[in-house]
Amino acid sequence: MVNFLQHTFNGLVGGAFLALLALGLAVIFGMLRVVNFAHGAIYMLGAFGAYVLLTEVGLSFWWALVVMPGVLALFGMALERLVVARLARLDPLYNFLLTFGLTLILQDAVKSRYGVQSSPYDAPEILSGTLDLGAFDFPAYRVFVLFMAIAVCVGVWWLLSRTRVGMVVRAATERPELSTALGIDVGRWVTPVFGFGIGLAGLAGVLAAPIRAVNPLMGADLIIVVFAVVVIGGLGSIFGSVAAGFAIGLVQAWVQALGEHWALLSQVLVFLVMAGVLLWRPAGLFGREEAPA
Amino acid sequence: MRTKALFVMFCSTTLLVTACGGGGPQSTAAGGGLSDGKVVFGVLNDQSGAYSQLSGKNSIKAVELAIADYQEKYGDKAVVKEFGVETADHQNKPDVANAKAAELYDRKAVDVILDVPTSSAALKVADVAKEKKKLYFNISAATTDLTGKSCNKYTFHYAYDTYMLANGTGRNTTEEGKKNWYIVYPDYAFGQDMEKSFSAAVEAAGGKIVGRDAAPFPNTSGDFSTYLLKAPTLTPKPDVLGTMQAGAELVALVKQYNEFKLRDKGVGLAVGLMFLTDIHSLTPAALAGTTYTDAWYWNYDLTNRTFADRFQKAAGVRPTFAHAANYSAALQYLEAVQAAGTDGSDAVVKQLEGKTVNDLFLRNGKIRAEDHRVVHDAYLAQVKAPAEVAEEWDYVKILRTIPAAEAFRTPSPDCHLS
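Going line by line, the protein sequences match chains A and B.
So that you can map any letter, position 273 of the first sequence is 273 in UniProt numbering, and since no number is skipped, the others follow by simple counting.
So that you can map any letter, position 44 of the second sequence is 44 in UniProt numbering, and since no number is skipped, the others follow by simple counting.
Any given hint could be a false lead.
Said to hold, decoys possible - Derived lysine to any residue pairs resembling SDA-like cross-links, with alpha carbons at most 20 angstroms apart:
#: 1; chain 1: B; residue 1: Lys-261; chain 2: A; residue 2: Ser-128
#: 2; chain 1: B; residue 1: Lys-265; chain 2: A; residue 2: Leu-131
#: 3; chain 1: B; residue 1: Lys-265; chain 2: A; residue 2: Ser-128
#: 4; chain 1: B; residue 1: Lys-81; chain 2: B; residue 2: Lys-265
#: 5; chain 1: B; residue 1: Lys-265; chain 2: A; residue 2: Asp-137
#: 6; chain 1: B; residue 1: Lys-237; chain 2: A; residue 2: Glu-260
#: 7; chain 1: B; residue 1: Lys-93; chain 2: B; residue 2: Gln-192
Source of the hints: derived by calculation from the structure; they are not laboratory data.
Chain A with its partners taken away, still in its complex shape:
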């Protein structure tokens, strides 16, 4: 039982990363209909940025936690204005290719400057111990990650459901054409929302730096799983992607804990779940079929 609780807790932490990344992707896809393939590279930039801030600028993890998402959000906004927006009228495939190309450029740029070797990054002193959770102890840093992810998701939920800005964004995310027809200036919100989604990926990256290998390819494999998570939750559904992120993290941890020959399954599982969900609900768990325009 204690073991089960430990693995459950651990799964939630793994899910926290998926949820944060999926949330950003969902917000961007919802508003812009852009499948942002560069999301994994941005996650990597967040982690690398934290490393660079620490080693070259001398700013601690706590600064990185504030600075990197902000810087990356600005980068995202510039990106949206300069390139993404120009391709918006074309087939979505163009933006997919653009962000894919961007991934390659970002990865190689980091690779050529810092090499492929993983860079060391330690958790801040105060979080480097373990926390006694009654039945078992758990690394304090992981508890912090879980707390941060939940706080951010709740914060985003509050923003979207309780504020006027949120209402506009929600309307524009889920029914862009209808919102435009109702006189809501959707275009005004596109750039900040894109930046916000990118900032979330950066935040996930900074959170990952102390516990995962910081190297140029760290986002490349992860992003495929995150896409599957978003599809399971329902493309464009913000609540769905967060819920699916945590759920997949949990299930992966449970399956991995089963033993030696379950490892492969834990990796494929997300895609099996995706296939199952799509058969049952083609728009994902919380997605809605697109209303005919």
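Given the coordinates of chain A, assemble chain B onto it according to the supplied hints.
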């Protein structure tokens, strides 16, 4: 078929003309001199990916140092006067390795291919070497198949293999009293092979595998916490966690091992395969106390240190064992050419087979004639605590020298050289 016959005729005519016409090379040595008047090395490895730091471009520097040493040693008496070094990036992909190896031998006139990390790629190159009858020294791939069922007359396996790693770390750690092992390995050829070798070595030394887990490869999330959580809950509790991960996955696993404070919970760490560059990137603090088997260490003695200084001047970093082994392989190849007076493959192989060698890398070395395994002393190493690290790159202490005869397996019955 006709073209082939014509080609053979053309070649034999050329040979006859060169041999009888008196217009052959002016070499004083018997045996026919050098093909195209020079020796060309081909360094085939990973130059941008996961293994680019542990060997990569710096292996070329190592080969150049070997050439310089050969020239200095033989001066005017050197059979080889001209050298070439060609290089290619195989991206760790077997099909790319296959194509690049053929290109190096055929179009770049390479006489010997060196390095080739990644077992699957290395095995492909062995096939090419056999087909072209050209020499190939594998340095940085681990599979024992190179001297087992895939062995051939023109392929030599140099620095290390999975048996040596398992036997060194698994056996020695178990004999030290850490009997109960929990093994976590990446679920692909290398990891599976390592798991088998380690289990065998641990059990042979009287130890027990209390648990084993296959981690997905590549591990998309970079998270190993499930296995780390599990380690202290197994019964009996493992004394040591044996990890067979490499590169970035090793880095992630060790980070998380520290995060979960497993050492404090009595679960030590043994690493299947580790390079100096891995320790540099993880920092000794993260790995302090970890044991592993090293094929060579730069600060082992004055000879190694002198070489390491030269290497650092050329490459900017201290050499890994792969760099030192590339140097040694290039040097031993040149020595064999010198002795044979020709770079003809069969004559060089004859010189190499059964030779006992002592050089910078090969201590008590022997190039086994039976399977072309190059055996030599190996070392059980332990990462120093940060307080013990007095200079950058000097990260480990050698606990024990594992004699050559003990470090490597006996020739495999699967190997039939041809």
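Which hint numbers doesn't this structure obey?
Checked against the structure, the only hint that fails is number 4, while the rest are satisfied.
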